[in-house]
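Construct the complete structure from the given sequences, taking the supplied hints into account.
Residue numbers (my numbering), protein chains in the order written: chain A, 138 to 422; chain B, 259 to 414; chain C, 37 to 763.
No lab work stands behind these hints: they were computed from the structure.
Beta carbons: idealized from backbone N, C-alpha and C, even for Gly.
Honestly, I wouldn't trust all of these hints.
As the list claims (entries may be wrong) - Per the computed footprint, the stretches of chain A lying under chain C, defined by three or more beta-carbons under 8 Å from a beta-carbon of chain C, are: (1) 259-268; (2) 318-330; (3) 397-407.
What the hints assert, rightly or not - Quick look at which bits of chain B chain A covers, simulated, 3 or more residues with Cβ under 8 Å: (4) 276-284; (5) 314-322; (6) 351-358; (7) 369-375; (8) 400-406.
To be verified - Every beta carbon over 10 Å from chain A, so not counted as near; a handful from chain B, in silico: (9) 328; (10) 331; (11) 333; (12) 339; (13) 340; (14) 341; (15) 343; (16) 346; (17) 388; (18) 391; (19) 392; (20) 411; (21) 413.
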Amino acid sequence: MQPFAYARPATLADAFALLDEHGPDACLLAGGTDVVVGLRNRTLRPEMVIDLKQVAELQPAISEEGSWLTITATTALAGIDEDQRIHARFPALIEAAATVGSAQIRNRATLTGNICHASPAADTAPALLAYGARVNVASARGTRRVDLDEFFVGPGKTVLQRGELVTAIDLPIAAERRGAAFARITRRRGVDLATISICCVVESAGRTVLAYGAVGPRPFVVADESGLLADPAARDGAKDEVLRQLLTKASPISDVRGSREYREAMLLVMSRRALRASLERLRAA
Amino acid sequence: MSSTPIRVTVNGAEREVEVAPNTTLLDFLRDRLQLTGTKECCDLGECGACTVLLDGRAVNSCLMLAVEGDAREVTTIEGLSENGRPNALQDAFLAKGAVQCGFCIPGQVMAARYLLSRNPHPTLAEVREGLSGNLCRCGGYVQICEAVLAASEAGT
Amino acid sequence: MIGTSQPRAGGLARVTGRQQFIADINLDHALHVKLVHLDCGHARIVAIDTAAASEVYGVVAILTAADLPQPVPRFGPVHDDRPILAVGETKYHGQPVAAVAAETKEAAEAAAELVRVEYEALPGVYTVAAALDPAAPLVQEPGLRPDDPLRHSNVLRELNYGWGDVEAAKADLVVENSYAFPMVTHFAIEPHAFIAAPDDGGVVIWTATQNPFQTQRIIARVLGLPLARVRVIAPDPGGAFGGKQHPKYEPLVALLALRTGRPVRLLLTLEETFQEVRRTSCEIHVRTGFQADGTISFQDIQSDFLLGAYADVAERVITKANYLACGPYRVPDARITVRALLSHTTPSTAFRGFGTPQVSWAHESQLDDAARCLGLDRVDIRLRNLARKGEAFVPGDTPCDGDWAESVRKAAGAIEWGSPIAAGRGRGLAVAIKASATTGASYSIVRLHWDGSATVLAGTSDMGQGARTVLAQVAAHELGIPIDSIKVVMGDTAAVPFDLQTSASRSTVFMGQAVARACRDINAQLRQMAADLGLVANVSVVELLRARFSEVRGEVIGVGSYRSEHQPGHPLGGSPSFYEFSCTASEVEVDEGTGQILLVRHVTVADVGKALNPQHVEMQDEGAAVMGLGHTLMEHILLDDSGRIRNLGALDYRIPTTKDLPLEMFALVVENADGPGPYGSKGAGEGGLMATAPAVASAVTEATGVVIRDLPLTPERVWRAIQSRDL
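See the structure below:
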């Protein structure tokens with residue numbers, strides 16, 4: 138690793154000051170499971186690494202604020218798995234988070250870090266998108282909220298500007314019943330990056346939301362407002378039509394994990410399966 | 259480039275040291291403290307050979323900077339045995355033939371230790387899931403899993 | 037003692053983290069070495085500028101080819117073709133062009149980054165087709181092999197084996213197919229590492245090698261030193277599988293140590309290790325003739341094996357494996373034509389199985405094809421053709437030395453062959469045969485100390501297979517002393533007598549016999565000692581030693597050896613000392629929507645003669661099976677058009693994890709005491725992965741109807757085959 142300076146600000150204000158001072162020469166560190174790899178490979182060459190784990194306002198926490206569940210930036214994926222409220226209300230997020238690396242990785246990697254790294258294949262992104270997550274962004278100049286759908290710009294790129302960081306991710310606590318399922322294709326059953334990933338949420342009112350990862354430059358979300366996908370009586374052929382239409386938004390590529398052709402085919406196969414699982418869980422709810 | 263002072267507890271002993279920020283916890287343990295039981299393999303968090311416990315949680319030490327160990331407790335494989343005597347989990351690894359070349363074993367033992375601390379009576383599927391971050395090229399997974407199950411039965 | 041699962045010697049140290057692997061060895065004042073290599077396949081080195089790198093504080097030396105003795109020394113286990121550093125061109129992605137030695141790891145890394153190499157990418161040979169193309173660039177300069185008529189091509193060797201007359205052979209069915217086996221790498225969890233230090237007019241090298249005596253020979257030659265002045269210390273490797281069998285950077289670190297007068301330490305990253313070693317890949321084209329009842333009438337095999345830029349031991353791999361390319365069967369007429377091709381890729385080397393996984397992929401898939409065409413059961417067709425004990429299935433050579441049909445029946449029983457099977461599931465069964473060591477020698481010295489304990493000096497490498505335990509068991513049994521009072525010393529050419537190497541599953545047989553003979557030598561001396569002292573013949577060892585050594589201490593030293601001599605004229609240099617025969621049976625379930633394979637049950641049967649340590653044999657066989665599942669389901673090295681490895685490192689080169697295990701796995705043995713090793717043992721440890729691929733592929737075919745002849749059987753490959761089926 139190249140040499141760099143290291144700071145461990147105790148407050149958000151201190152963190153902002155460092156960010157404003159160093160701009161693109163600084164790198165934020167929370168769980169480190171992406172950042173330290175980048176430092177080792179020298180794809181990241183910061184002058185300054187800002188460790189957020191001592192920032193008083195960002196300590197790991199999951200809290201309910203009105204109709205939102207708020208997950209602070211330094212909350213590790215293991216912490217997500219240990220929260221009963223998330224198990225109860227956002228089970229597909231639990232499923233997605235459980236696929237990120239190993240137990241060792243999940244003890245460190247943060248939910249915020251996973252989305253800020255902005256890999257098109259980020260495993261938690263489809264689940265967060267399908268559940269309608271929003272991102273709390275803050276800087277010395279104030280705060281703003283960004284729907285997660287608008288947060289990703291492209292591979293490795295988010296809307297974060299100089300001086301900004303993410304303080305928390307919010308999930309809307311739904312009033313109505315829903316069924317959700319997360320699924321992905323990998324090259325082996327063991328720990329792996331996703332070839333494609335999918336999260337489906339079917340609302341009892343009939344709306345179906347589908348979010349996808351690893352099949353475009355950013356994770357994306359689509360919705361069927363017609364109610365057809367959620368209709369247990371609808372024919373498979375009709376559902377396929379709707380799915381195909383929704384999937385035109387996907388733009389998979391060929392890489393070492395899979396070919397474009399395979400990914401396209403799996404999008405339909407796995408969408409069907411995720412939809413079926415979501416409907417069963419909705420029925421059971 | 260300056261060093262950063264940290265106070266880190268390793269295997270129960272508190273140490274005040276200065277470390278360069280661009281040092282991983284793994285390098286710090288192996289090169290600085292001569293605790294070579296923790297191994298270096300992929301350096302990417304994919305193989306688990308570098309697994310240690312950080313405040314009781316299993317982590318890949320290759321993915322942590324040494325400076326992040328400040329005010330934390332680190333347990334390495336050396337910290338599991340008392341006076342060189344293996345604990346029951348380590349004994350189970352030996353008894354079940356889980357040790358072939360042995361290079362992945364410290365990481366496996368630490369990951370198993372963490373698993374059993376969270377889930378004292380795991381099923382085979384839970385053991386496989388819990389150890390899925392530890393690669394063994396000698397292919398000793400069946401015996402490793404059996405060892406963890408045996409240790410859980412013995413109440414470790 | 038023999039046949040009991042004694043605890044693994046060295047197990048306690050490993051499980052408590054105290055085992056000293058090579059990277060754990062700390063030498064005072066050692067310099068750290070970092071290699072400089074290019075992000076390119078075949079390339080011409082235009083210029084190397086080390087000025088900026090030399091300025092880095094702590095840098096002590098930087099070597100390029102220009103700084104080495106001229107002409108740059110070349111070495112290899114068979115051909116002296118590999119230069120210590122790249123000369124003029126890089127011949128494969130990762131070949132080092134310079135080496136930096138510095139006081140600290142950080143300084144070495146920083147300096148290595150600052151070495152400026154101006155280079156020009158060149159067209160390269162990366163595939164079989166390219167190697168055979170007469171217009172392709174030559175991987176090796178003709179001057180490297182001056183007496184070789186093929187030196188103006190990329191064909192290193194052409195081999196022809198066979199017997200009878202294939203052209204005249206009659207067959208009711210001819211099955212003709214082409215098969216491919218990909219590049220895969222060893223991925224031992226311990227990356228390669230090399231340490232050297234000047235030592236009293238010579239040099240001492242630490243390397244986790246399976247073959248310290250060859251390393252010693254090569255270093256001695258390169259440095260112009262007598263063997264006695266070159267000491268090689270070989271710590272137990274953290275996994276090797278053949279990848280640590282032949283020298284890589286030992287000559288480089290030896291030179292650096294002598295140049296700087298300091299110990300030097302080179303630890304490769306995992307990525308650098310991947311670039312250093314792999315299995316030989318191949319394309320095999322086979323025509324097999326069958327009678328209507330499934331009897332094999334001929335085998336006509338034409339294969340191209342893609343070596344890397346340097347021959348390493350790959351020619352031997354190809355020779356041994358293709359000598360038995362017909363498999364363990366009775367074949368009246370055979371023609372085997374093989375080409376060993378050079379390429380601008382990682383030099384392939386020994387890898388568990390030594391070419392057998394590749395050839396069995398072809399011959400077993402052929403049998404399955406024939407069985408399907410002829411409407412025969414796939415186990416029956418094998419039982420019909422398997423050689424019987426005593427039968428010379430390779431005319432004039434070591435006959436079949438086991439009851440191979442018993443292994444097949446045992447595997448078939450364990451997989452419940454023939455019983456009803458659920459939809460979407462299938463079963464497969466395959467066999468493989470490997471010739472073990474042909475020539476070679478192992479020596480052992482056993483020292484019986486005056487207190488009745490013993491030290492066994494044996495040059496075998498314990499790389500996970502538990503050789504220490506087994507050899508201690510032999511000594512304990514032969515000497516009649518407790519196993520806890522025996523210490524096995526390995527891995528030091530200064531202390532331990534000559535051993536060929538640890539490979540070919542040879543050590544139980546060769547070193548086991550050497551140890552047994554050394555012990556019997558001791559026992560003969562003890563009998564004489566008792567007679568000289570006028571003691572009764574059945575006096576205990578401890579009492580006898582006390583009587584002899586109470587006034588003047590001493591010890592009883594026994595020497596034993598086991599040699600298999602060179603047979604000029606034999607294609608392998610000598611007859612196989614035994615065959616390692618293995619059978620794998622697998623039951624799978626295929627998810628046709630995604631192509632994913634679930635392994636429901638996986639069985640291996642090894643014909644071991646006598647399992648000296650049953651638990652060790654089971655560990656080896658299950659481990660080999662898991663490794664075999666790797667190349668069967670998920671492993672392949674991907675190159676881009678310019679010969680760079682695309683999936684370099686643990687992130688995108690996938691090996692099996694705990695979650696990739698079959699739901700059930702059994703490792704069974706057949707023990708008929710019919711081996712040449714101690715107590716009727718044979719070798720073991722490679723069989724479990726030799727027939728994995730064809731067994732699983734055959735099961736996939738039964739489950740889905742698709743036949744796949746390329747590996748690995750990734751979900752995508754299976755899915756594509758199913759799409760083609762449904763067209």
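Now for the hints, and whether the structure bears them out:
With 0 residues having a Cβ less than 8 Å from any Cβ of chain C, the region 259-268 of chain A misses the three-residue criterion, and the hint is violated. Only residues whose C-beta sits within less than 8 Å of a C-beta in chain C count toward coverage, and the region 318-330 of chain A has 8 of them, enough to reach three; the restraint holds. Proximity of the region 397-407 of chain A to chain C, defined as three or more residues with a beta carbon under 8 Å from a beta carbon of that chain, is established by the 5 residues found. Under a criterion of three residues with beta carbons nearer than 8 Å to beta carbons of chain A, the stated coverage of the region 276-284 of chain B is upheld, 5 such residues being counted.
Remark: the region 314-322 of chain B is confirmed as covered by chain A, as 7 of its residues place a Cβ nearer than 8 Å to a Cβ of that chain, reaching the required three. Closer than 8 Å: that is the beta-carbon criterion, and the region 351-358 of chain B has 0 residues meeting it against chain A, so the requirement of 3 is violated. For the region 369-375 of chain B, the proposed coverage by chain A is satisfied: 3 residues have a C-beta within less than 8 Å of a C-beta in that chain, meeting the threshold of three. Coverage of the region 400-406 of chain B by chain A is violated in this model, with 0 residues showing a Cβ closer than 8 Å to a Cβ of that chain against a need of three.
With 10 Å as the threshold on Cβ separation, the claim that residue 328 of chain B sits away from chain A is violated: the shortest Cβ distance comes to roughly 8 Å. For residue 331 of chain B, the requirement that its beta carbon stay farther than 10 Å from each beta carbon of chain A is met, with the minimum near 14 Å. Every Cβ of chain A is farther than 10 Å from the Cβ of residue 333 of chain B; the closest lies at roughly 13 Å, confirming the non-interface assignment. The Cβ of residue 339 of chain B sits about 21 Å from the closest Cβ of chain A, beyond the 10 Å cut-off, so the non-interface label holds.
Under the 10 Å C-beta cut-off, the non-interface status given to residue 340 of chain B relative to chain A holds; the minimum distance is some 25 Å. Against the 10 Å criterion, residue 341 of chain B stays outside the reach of chain A, whose nearest CB is about 28 Å from its own CB. No beta-carbon of chain A comes within 10 Å of the beta-carbon of residue 343 of chain B; the shortest separation is about 26 Å. Taking the minimum C-beta to C-beta distance to chain A, about 21 Å, the non-interface status of residue 346 of chain B holds against the 10 Å cut.
In this structure residue 388 of chain B is not separated from chain A by more than 10 Å, as the shortest Cβ-Cβ distance comes to only about 6 Å. Distance to chain A contradicts residue 391 of chain B as a non-interface residue, since its nearest Cβ pair spans about 2 Å, not more than 10 Å. Distance to chain A contradicts residue 392 of chain B as a non-interface residue, since its nearest Cβ pair spans about 8 Å, not more than 10 Å. No beta-carbon of chain A is positioned within 10 Å of the beta-carbon of residue 411 of chain B; the least distance is around 21 Å.
Here residue 413 of chain B stays apart from chain A, with its beta-carbon at least about 22 Å from theirs, past the 10 Å limit.
This entry does not satisfy hints 1, 6, 8, 9, 17, 18 and 19, going by the numbered hints stated previously.
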